Amino acid sequence: MTKAELAEQVSEKISLTKKETEQIVSIIFGSITNALNRGDKVELRGFGSFRIRHRGSREGRNPKTGMKVKVPPKKVPFFRAGKELKEMINNKKGSQES
Amino acid sequence: MVKDDIIDIVYERVGFTRNEADAAVEAMFETIKERLTSGEEVNITSFGKFRLRNKKERVGRNPKTGKEYSIKARRVLTFKPSKELREIVNKGS
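In order, the protein sequence lines correspond to chains A and B. For the first sequence, this note's numbering begins at 1 and goes up steadily by one. For the second sequence, this note's numbering begins at 1 and goes up steadily by one.
Please note that a few of the clues may not be correct.
Claimed, not checked - SDA-like, lysine to any residue: derived pairs with alpha carbons at most 20 angstroms apart:
hint: 1; chain 1: B; residue 1: K3; chain 2: A; residue 2: Q23
hint: 2; chain 1: B; residue 1: K83; chain 2: A; residue 2: P73
hint: 3; chain 1: A; residue 1: K75; chain 2: A; residue 2: N37
hint: 4; chain 1: A; residue 1: K83; chain 2: B; residue 2: R35
hint: 5; chain 1: B; residue 1: K49; chain 2: B; residue 2: P81
hint: 6; chain 1: A; residue 1: K41; chain 2: A; residue 2: F29
hint: 7; chain 1: A; residue 1: K75; chain 2: A; residue 2: N90
hint: 8; chain 1: A; residue 1: K83; chain 2: B; residue 2: E30
hint: 9; chain 1: A; residue 1: K74; chain 2: B; residue 2: A23
hint: 10; chain 1: A; residue 1: K75; chain 2: A; residue 2: N91
hint: 11; chain 1: A; residue 1: K70; chain 2: A; residue 2: R58
hint: 12; chain 1: B; residue 1: K55; chain 2: A; residue 2: N91
hint: 13; chain 1: B; residue 1: K91; chain 2: A; residue 2: G56
hint: 14; chain 1: B; residue 1: K49; chain 2: B; residue 2: T37
hint: 15; chain 1: B; residue 1: K91; chain 2: A; residue 2: N37
hint: 16; chain 1: A; residue 1: K19; chain 2: B; residue 2: E20
hint: 17; chain 1: B; residue 1: K3; chain 2: A; residue 2: I52
hint: 18; chain 1: A; residue 1: K75; chain 2: A; residue 2: N34
hint: 19; chain 1: A; residue 1: K41; chain 2: A; residue 2: R58
hint: 20; chain 1: B; residue 1: K55; chain 2: B; residue 2: E68
hint: 21; chain 1: B; residue 1: K56; chain 2: B; residue 2: K83
hint: 22; chain 1: A; residue 1: K18; chain 2: B; residue 2: A27
hint: 23; chain 1: B; residue 1: K80; chain 2: B; residue 2: A23
hint: 24; chain 1: B; residue 1: K83; chain 2: A; residue 2: N34
hint: 25; chain 1: B; residue 1: K3; chain 2: B; residue 2: E26
hint: 26; chain 1: A; residue 1: K70; chain 2: A; residue 2: S57
hint: 27; chain 1: B; residue 1: K80; chain 2: A; residue 2: R55
hint: 28; chain 1: A; residue 1: K75; chain 2: B; residue 2: E87
hint: 29; chain 1: A; residue 1: K3; chain 2: B; residue 2: E41
hint: 30; chain 1: B; residue 1: K72; chain 2: A; residue 2: N90
hint: 31; chain 1: B; residue 1: K91; chain 2: A; residue 2: P72
hint: 32; chain 1: B; residue 1: K55; chain 2: B; residue 2: A73
Stated by the list, open to error - Label pairs and their computed distance ranges (CB to CB):
hint: 33; chain 1: A; residue 1: G66; chain 2: B; residue 2: D4; range: 44 to 54 angstroms
hint: 34; chain 1: A; residue 1: T2; chain 2: B; residue 2: D8; range: 19 to 29 angstroms
hint: 35; chain 1: A; residue 1: V69; chain 2: B; residue 2: T65; range: 42 to 52 angstroms
hint: 36; chain 1: B; residue 1: E34; chain 2: A; residue 2: K68; range: 44 to 54 angstroms
hint: 37; chain 1: A; residue 1: K83; chain 2: B; residue 2: E41; range: 14 to 24 angstroms
hint: 38; chain 1: A; residue 1: E8; chain 2: B; residue 2: G66; range: 51 to 61 angstroms
hint: 39; chain 1: A; residue 1: G66; chain 2: B; residue 2: K72; range: 34 to 44 angstroms
hint: 40; chain 1: B; residue 1: E57; chain 2: A; residue 2: K83; range: 17 to 27 angstroms
What the hints contain is simulated information worked out from the structure, not anything from laboratory work. As the structure is a computational prediction, the values presented were derived from the model and not from experiment. Think of the CB as a built atom: it goes at the ideal place given N, C-alpha and C, for glycine as much as any other residue.
For reference, chain A alone in the conformation it holds in the complex:
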């Protein structure tokens, strides 16, 4: 499912147009992006949480030349599914495996 399909389905559930819903979907993910950028974590009950994980610098190698290079530390956005969502995905209650 893409962002456009998501907006379309959401707009069918609420009384907003597809265009308005697309705008809202963008604002929602934009706000999560901004929070992560500030170093804030985002906790969405029943869904999961987003946070930044820090990766220290490490020594890597250029796969072509085999030369050692220093890989600088970086931040990685990380999502952890909430308990409810994890269980739903595992079909704890009635499965419809295809």
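Place chain B on chain A using the hints.
Below, chain B without anything else, positioned relative to chain A:
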């Protein structure tokens, strides 16, 4: 940041009532959950992709007692951040 903060941001940015903003935010996360539960991936351009992975059954060990037990085959959800998101959070640090 929690869901209520997102609702406030939507409410401030768009000309709807707070109830409408609330309904829209809830409906969006519910829709994503439904799709994932039905086994479909959800790809949000410029944000990231929610993917489902099938894990095989394997033998695990209780780290305290050292006892072996079987971890059943299961489906897990992973998130792959988009290149754009990874770049944004690494900027200005």
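The hints, checked one at a time:
With a CA separation close to 17 angstroms, the supplied pair K3 (chain B) and Q23 (chain A) stays within the 20 angstroms bound. A distance of roughly 16 angstroms separates the Cα atoms of K83 (chain B) and P73 (chain A); the hinted pair therefore holds under the 20 angstroms criterion. As the CA atoms of K75 (chain A) and N37 (chain A) are separated by approximately 10 angstroms, the hinted pair is consistent with the 20 angstroms bound. Note on K83 (chain A) and R35 (chain B): the hinted pairing holds, with a Cα-Cα distance of about 17 angstroms set against a maximum of 20 angstroms.
In summary, the hint linking K49 (chain B) to P81 (chain B) is supported, as the alpha carbons are separated by about 6 angstroms, within the 20 angstroms threshold. In summary, the hint linking K41 (chain A) to F29 (chain A) is supported, as the alpha carbons are separated by about 13 angstroms, within the 20 angstroms threshold. Of the pairs offered as hints, the one joining K75 (chain A) and N90 (chain A) is violated, with about 30 angstroms between alpha carbons and a cut-off of 20 angstroms exceeded. Annotation: proposed proximity of K83 (chain A) to E30 (chain B) holds, straight-line Cα distance about 15 angstroms (limit 20 angstroms).
Between K74 (chain A) and A23 (chain B), the direct Cα distance comes to roughly 36 angstroms. Violation of the 20 angstroms bound is thereby established for this hinted pair. For a cut-off of 20 angstroms, the pair hint linking K75 (chain A) to N91 (chain A) is broken: about 33 angstroms separates their Cα positions. Distance hint between K70 (chain A) and R58 (chain A) is fulfilled; the C-alpha atoms sit about 6 angstroms from each other, no more than 20 angstroms. At most 20 angstroms may separate the alpha-carbon atoms for a hinted pair to count; K55 (chain B) and N91 (chain A) meet this at roughly 14 angstroms.
Of the supplied pair hints, the one linking K91 (chain B) and G56 (chain A) holds, its CA atoms being roughly 16 angstroms apart against a limit of 20 angstroms. This hinted pair checks out: K49 (chain B) and T37 (chain B) have alpha carbons roughly 15 angstroms apart, not beyond 20 angstroms. Only pairs whose Cα atoms come within 20 angstroms are accepted, and K91 (chain B) paired with N37 (chain A) is accepted, the gap being roughly 8 angstroms. Taking the CA atoms of K19 (chain A) and E20 (chain B), the gap is near 15 angstroms; set against the 20 angstroms cutoff, the hint holds.
Distance restraint check for K3 (chain B) and I52 (chain A): the Cα-Cα separation of roughly 18 angstroms lies within the 20 angstroms cut-off, and the hinted pair is therefore satisfied. Restraint check for K75 (chain A) and N34 (chain A): the C-alpha separation of about 14 angstroms stays at or below 20 angstroms, so the hint holds. This hinted pair does not check out: K41 (chain A) and R58 (chain A) have alpha carbons roughly 25 angstroms apart, beyond 20 angstroms. Taken as a hint, the K55 (chain B) and E68 (chain B) pair is honoured in the structure, with Cα atoms around 18 angstroms apart against an allowance of 20 angstroms.
About 29 angstroms separates the Cα atoms of K56 (chain B) and K83 (chain B), which puts this hinted pair outside 20 angstroms; it is violated. Between the alpha carbons of K18 (chain A) and A27 (chain B) the distance comes to roughly 13 angstroms, so the proposed pair stays at or under 20 angstroms and holds. Pair hint K80 (chain B) plus A23 (chain B) does not hold up; C-alpha atoms about 27 angstroms apart against a cutoff of 20 angstroms. Taken as a hint, the K83 (chain B) and N34 (chain A) pair is honoured in the structure, with Cα atoms around 15 angstroms apart against an allowance of 20 angstroms.
Distance check on the hinted pair: K3 (chain B) and E26 (chain B) sit about 9 angstroms apart at the alpha-carbon level, within 20 angstroms; holds. Straight-line distance between C-alpha atoms of K70 (chain A) and S57 (chain A) comes to about 7 angstroms, which keeps the hinted pair within the 20 angstroms bound. Between the alpha carbons of K80 (chain B) and R55 (chain A) the distance comes to roughly 16 angstroms, so the proposed pair stays at or under 20 angstroms and holds. At roughly 9 angstroms between alpha-carbon atoms, K75 (chain A) and E87 (chain B) fall within 20 angstroms of each other, so this suggested pair holds.
With a C-alpha separation of about 11 angstroms, the suggested pairing of K3 (chain A) with E41 (chain B) holds against the 20 angstroms cut-off. Proximity of K72 (chain B) to N90 (chain A) is assessed by CA-CA distance (about 11 angstroms); at most 20 angstroms being required, the pair is judged to hold. Using a Cα cut-off of 20 angstroms, the hinted pair K91 (chain B) and P72 (chain A) holds, with the two alpha carbons roughly 13 angstroms apart. A distance of roughly 5 angstroms separates the Cα atoms of K55 (chain B) and A73 (chain B); the hinted pair therefore holds under the 20 angstroms criterion.
Look at G66 (chain A) against D4 (chain B): about 52 angstroms separates their beta carbons, and that is inside 44 to 54 angstroms. Between T2 (chain A) and D8 (chain B) the beta carbon distance is about 27 angstroms. The supplied range of 19 to 29 angstroms therefore holds. Distance hint for V69 (chain A) and T65 (chain B): a CB-CB separation of about 43 angstroms, consistent with the stated range 42 to 52 angstroms. At about 48 angstroms, the beta-carbon gap between E34 (chain B) and K68 (chain A) stays in the expected band of 44 to 54 angstroms.
For the hinted restraint 14 to 24 angstroms between K83 (chain A) and E41 (chain B), the CB-CB distance of approximately 21 angstroms keeps it satisfied. The supplied range of 51 to 61 angstroms is met by E8 (chain A) and G66 (chain B), whose beta-carbon atoms lie about 52 angstroms from each other. Between G66 (chain A) and K72 (chain B) the beta carbon distance is about 42 angstroms. The supplied range of 34 to 44 angstroms therefore holds. Taking 17 to 27 angstroms as the suggested C-beta distance range, the pair E57 (chain B) and K83 (chain A) conforms, at roughly 21 angstroms.
Of the numbered hints stated above, those contradicted by the structure are hints 7, 9, 10, 19, 21 and 23, listed in ascending order.
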